[in-house]
Structure formats: structure tokens, C-alpha cells
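A.B. asks: Go ahead and model the full structure; you've got the sequences and the hints to work with.
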Amino acid sequence: MTDFPESLFHLPSPAYLHLIRYILLGATLTFFAYAGLVLGGSVLSVSTSLGDRNGKDSFVRPLSRHFMEASSLSLLPILILALLPLITVGLIATSLFHFSLNVGSNLWPGVLILAVSGSLLLLLYKAGDPSIHSPGTVRLLLGGGGTGLFFLAYLLVIVQTGSYMNTELWQFSDRPVTLFLTWNNCARIGLYLLLSLAAAGARLLQIMYGKNGINARQGNAMKNTAKGITLATLLLLPFLIVADIYTLPTAALNGMVYLTGAFLLLLPWAAVIVLLESFRNDRSGSGTVIFILVILTFPVAVTLDHLGREQATAEKMILLQEKSETEKTAPPPGAETPVKKKQDLFAEGENVFDKVCSACHRFDQKLVGPPYNLVVPRYRGKVDELKAFIRNPVKLDPAYPAMPKLGLKEEEIEAVAVFLLEKTRDVQ
Amino acid sequence: MMIRILQILITGYFGAFLLLLAGLGVGWSRMNLSPEQPIAFPHTIHVTRLGLPCNFCHLYVDKGKHATVPPLSICMSCHQNIATDRPEIVKLTGYFERGEPIAWNRIHKVPDFVYFTHKRHIKAGIDCSACHGEIGAMKKVWRVRSLKMGFCVTCHEKYGAPQDCATCHK
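Chains as they are written, first to last, in our numbering: chain A, 1 to 428; chain B, 429 to 598.
Check the hints yourself; a few may be wrong.
[To be verified] No more than 16 angstroms apart at the CA atoms, straight line, and that leaves these computed lysine to aspartate or glutamate pairs for EDC-like:
| no. | chain 1 | residue 1 | chain 2 | residue 2 |
| --- | --- | --- | --- | --- |
| 1 | B | K567 | A | E322 |
| 2 | A | K323 | B | E562 |
| 3 | B | K586 | A | E322 |
[Stated by the list, open to error] Just a sample of chain A residues kept apart from chain B, beta carbon distances all over 10 angstroms, derived:
| no. | residue |
| --- | --- |
| 4 | Y16 |
| 5 | T88 |
| 6 | T178 |
| 7 | I189 |
| 8 | L193 |
| 9 | I229 |
| 10 | G285 |
| 11 | F353 |
| 12 | K387 |
| 13 | L421 |
These aren't lab readings, by the way, just hints derived from the structure by calculation.
Idealized CB from N, CA, C, for every residue including glycine.
C.D. replies: Here's what the structure looks like:
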């Protein structure tokens, strides 16, 4: 997969860091739910068509068409609800994780190409439906190809977002197999794919409840097919929800993840109860309730991922925020450093002394380190040597512990060196 | 009637998974990845703000099997004079004056049947954060790595370290 050019991205400023993480959540919520519905409907439509190559079957042909209708695929929604969020997620994730946190193996450009081409083929597959009586090989190829490409894009989004919470594998990011092929990603792929099929089944059920003028026997058969698909997939979901949480990396676990997991189990449970009730009391509102319950499962699953990702990357985000603050205050590259007056340097040096050095040093008294009046005069006329020592301290006197590296900026080192030499100027 | 029975069975089915999940949650909380410590030592101040290298306090990390928790004398070499009025430093000074060691609660532990030496890993240039996470950004240290065999083997594979059983299971 090709990478975005790094020059397009900058380290997010601390103010926006928080905001873009929530934009990332919002975009993934939209993408997973809508793209899942499209994928589920397309898979069911194409696989149904495969069973009726001549297009003669009076049940299979409309069923395949209805599955495509259930996928809710059309040009504007796919642009707004799938491709636009995908671009947003890709850009933010690339900037935040790949260039700022160095996760490596960036799949987003490939995902976008696959999703766009898959969507186009699926739109052609859907558009061809009413005019052609027989599914035909070309139409099947369009549907199969489109579904395959879209499925691959969806799968890569799942594994890429999964890799962001597996911080312990980031150090092995030069080997994509290690980064992506994890038990947690396997469980999440299963979870989202089952949810996609359940959503398409539930949507078909909702559509069938709303259809008037359809042959009653055929309508019932389609409703039962939709109920069967929804029921079977919802009953398999708990295995994958528990597997997802069981295989989460240690760093991604917290109490909220378990609570969200419990909520994730409750939604399909409620959907199954309503679904069973519909066998006894076939009310037209059941379809909508089941569909809402199933489609709401997507945001809960995405929130679970989000909580895990936030937990796993909490420390990295703090460090990133600090790095970003430092870069913000640093002068732009190539900018000329203004020549400071000696009294300004002295004042700045005194400030550094108060904040950092005074923890261990006094001028006339031994503290953790030696008194300055004893050691600084050795550097008279050798300001560069003093700066080099402050920059990279080495243990000189066995009577004292080694001085740690202070991580001061170059201008701070210069200022404190001037301050120390000036303060000890009259020491004999 | 049949539907009612099925609904009860389904409730039991989902309830069983809920219980399983609750069990996993209890197991996780009992792992206690971030135990309370006798003194709230902030790595954020010492590592990130002051820039102290890890081996400034963990003296034997590059010299032996264990990184070792620093002796109180190391803490007191600075804290005899610094922040002496802070409650946690008052507690620290109390331990020091009583000559009582601090009973820190262990966070990172590999099983007894695993032979692990810090020295070998530091010499190979492995960063502390590879196994301990970003300690410098943790106000309270917690275990962020599984430290299971798969984790060790993946790393050994990547860096070409020996992978025969006897390397770690002596």
C-alpha cells in the first residue's frame, strides 16, 4: 500500500488533538454502520443471485433485489456516509498514528481505492437490476467484484483500527503480519461481519413489513427468510463479543470496556426477543424496532473499540501533547535567533536556575551536587565547555551522584551558563 | 407458549454470556494491573519533567538480572533538600529515619520458570518502554504489556535473539 506524503501532515496542536480524536470516533461510527449495511445487503443479494443463474426463479430474483434495496446503497449516501467518513478517518489516523506516533503499515490509501471501486461496481450492479430479467454473468461479475472489493476495504478498516489499540505490537510494525494478524482482529472481523448480515436481514424485514401489494405468500416467505438470517447472526454474536473482549490487549482494558461489552450484549438480546415476539404477534412496527436495535449495535461496538484505543494510547497521547507544545514554542526552522542582551540572558538563566538547578545546587553550600562557587569558576573563559557539560553531564567527582541529563533547550543552556559564570565572577 | 419458552431460553443464553463477561471483568480487576503503592511516586515528574534516566534510580538495570527498586538513600540524596514539606516526601523521610524499607507492590512479574535478565536486554538496546510502556507519562504505574510468551518470542524473532526453549526456561 502506498503512503500519503508526509509533507501533507503536521503534528496536531494540543488544542485540536482532543477534538480530532472525537472526529475520528464520529467518522468511524458513521462508516461502520452504513458500510456494514451496504456490505451485508450486497453479500446476501449476490449470494442469493448465485442460486438462480437463469434469473427465472420467481422467489430468488425478487429476494436478491430486495436484499440490494435493504443495503440502502445509492450514490449520495455512499458518498456522505461511507466514503467521506473514510477519507476523514484516513487523514486523521494517518496524521495521528502513522506520522505522530509511528505505528507503521498504513493501509488507508489502499482502503480508499478499494472502497471507491467496490462502491462503483455495486452501484452498477444495483442499477442493472430492474432492466435485466436474468442476473447474467456480467451482472454477477459486477456484484461479486463490487462486494469483494468493498468487503476487502471493510476488512482492512477493521484490522487497521484494531492495530491502533495494540500498542505492544507497534514496535513490530515493520512486519505487517505481526501487527494485523491478531486474535483480537479475527474476533472483530467476525463481529462486524455478523453485524452487517444481521443489519441487512433486519432492514429487509423492515422493508417487507412496509410493502403493500406484494403476493402474501411470497411476502411471508421473504419475511421468514429475513427473520431467519437476523436470528441466526444475532445468536452467534455473543460468542464474538466475548471473544473480542477476551482477546483485547492488556493495555486496552478498563472497567468501561467491560460495561460497554455488557451493553453490546443487551442490544442483540433485545432484538432477538422482539424478533421471536413477531412470530406470535406479527405487527408491522416490529421490523423497525428490530432494525433500530441491530443498527444501534454498531455504534456500541465502535465505542468499545474507541474506549480500548483511548486507554491503550493514553500515555502516548500525553507525550505527543507535550511534544506538540514544545514544537509550538520552538522558532520555525531557518528563523534567525535574535541576539539577546547579556542582562536578558542573565534574567532567563536565573529563571532556569530557580526552576531546575536549585533543586540540587546552591552557590555556597553542598547539597545534592557540589556548590557552584567551587566548580563553576573552572569554566571561566570556557563557556562552551560549561554548556557542553550542562547539555550532556558526565560524572566528574565520585563524592557526588551523577548529574542527570536535564533536557534543557539550547537557549536555556546558554542563558544558565551566562548566569552561573556571572554569579561566580568574583569568587576567588 | 412455544415462543414464550424460546424467549426464556434466549434470555438464559444471553444471560450466560453476560455472566461470562462479568467473570472476565472480575478476573481483570483481580489481576490488579495498577496496585496502590505505599508512596505515590510520580514518574511523570522524575522521568518526563526532570529527564532523569531510568538507571539513575534503578541502579542495576544494566548490571544484573533485576532492575531493582532504588534504596531509600537514593531518594534521600535529593529529597533531603527538595520538596521536604510535601506529604509523600514526609512519608518517605519517615521510612528513611525509621530505617524501614518501603514495601512496594510489584507490578511487572514474569513467572518463576522464566529466566529473564534486564542486563542482556538493555545491552541489546531494547528501550525500557518496549516492555513497560510509557512509564514517564504514567502518574501511577500500571502494567500495559501481557508479558506472555508470544510477546517475548515476537521480539526475539524480530531482533534475531535466540529462540530455543533453554534460553528462557533454564
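A.B. asks: For each hint, tell me whether it holds in the structure or not.
C.D. replies: Results for each hint:
A C-alpha spacing of about 15 angstroms is found between K567(B) and E322(A), which places the hinted pair at or below 16 angstroms, so the restraint holds. A C-alpha spacing of about 14 angstroms is found between K323(A) and E562(B), which places the hinted pair at or below 16 angstroms, so the restraint holds. A distance of roughly 30 angstroms separates the Cα atoms of K586(B) and E322(A); the hinted pair therefore is violated under the 16 angstroms criterion. For Y16(A), the shortest C-beta to C-beta distance to chain B comes to about 19 angstroms, beyond the 10 angstroms cut-off, and the non-interface label holds.
The claim that T88(A) is not at the interface with chain B holds, since no C-beta of that chain comes within 10 angstroms of its own (minimum 27 angstroms). Taking the minimum C-beta to C-beta distance to chain B, about 6 angstroms, the non-interface status of T178(A) is violated against the 10 angstroms cut. The claim that I189(A) lies off the interface holds: its Cβ sits roughly 19 angstroms from the closest Cβ of chain B, which is beyond the 10 angstroms cut-off. Residue placement check: L193(A) keeps its beta carbon more than 10 angstroms from all beta carbons of chain B (closest about 19 angstroms).
Interface exclusion of I229(A) from chain B stands, the closest Cβ pair being 17 angstroms apart, more than 10 angstroms. The non-interface label for G285(A) is consistent with chain B: the shortest C-beta to C-beta separation is roughly 17 angstroms, beyond 10 angstroms. The beta carbon of F353(A) sits about 14 angstroms from the closest Cβ of chain B, which is more than 10 angstroms, so the claim that it is off the interface holds. Taking the minimum C-beta to C-beta distance to chain B, about 17 angstroms, the non-interface status of K387(A) holds against the 10 angstroms cut.
Every CB of chain B lies more than 10 angstroms from the CB of L421(A), the least distance being 23 angstroms, so the non-interface label holds.
The structure does not agree with the numbered hints 3, 6 stated previously, though it agrees with the rest.
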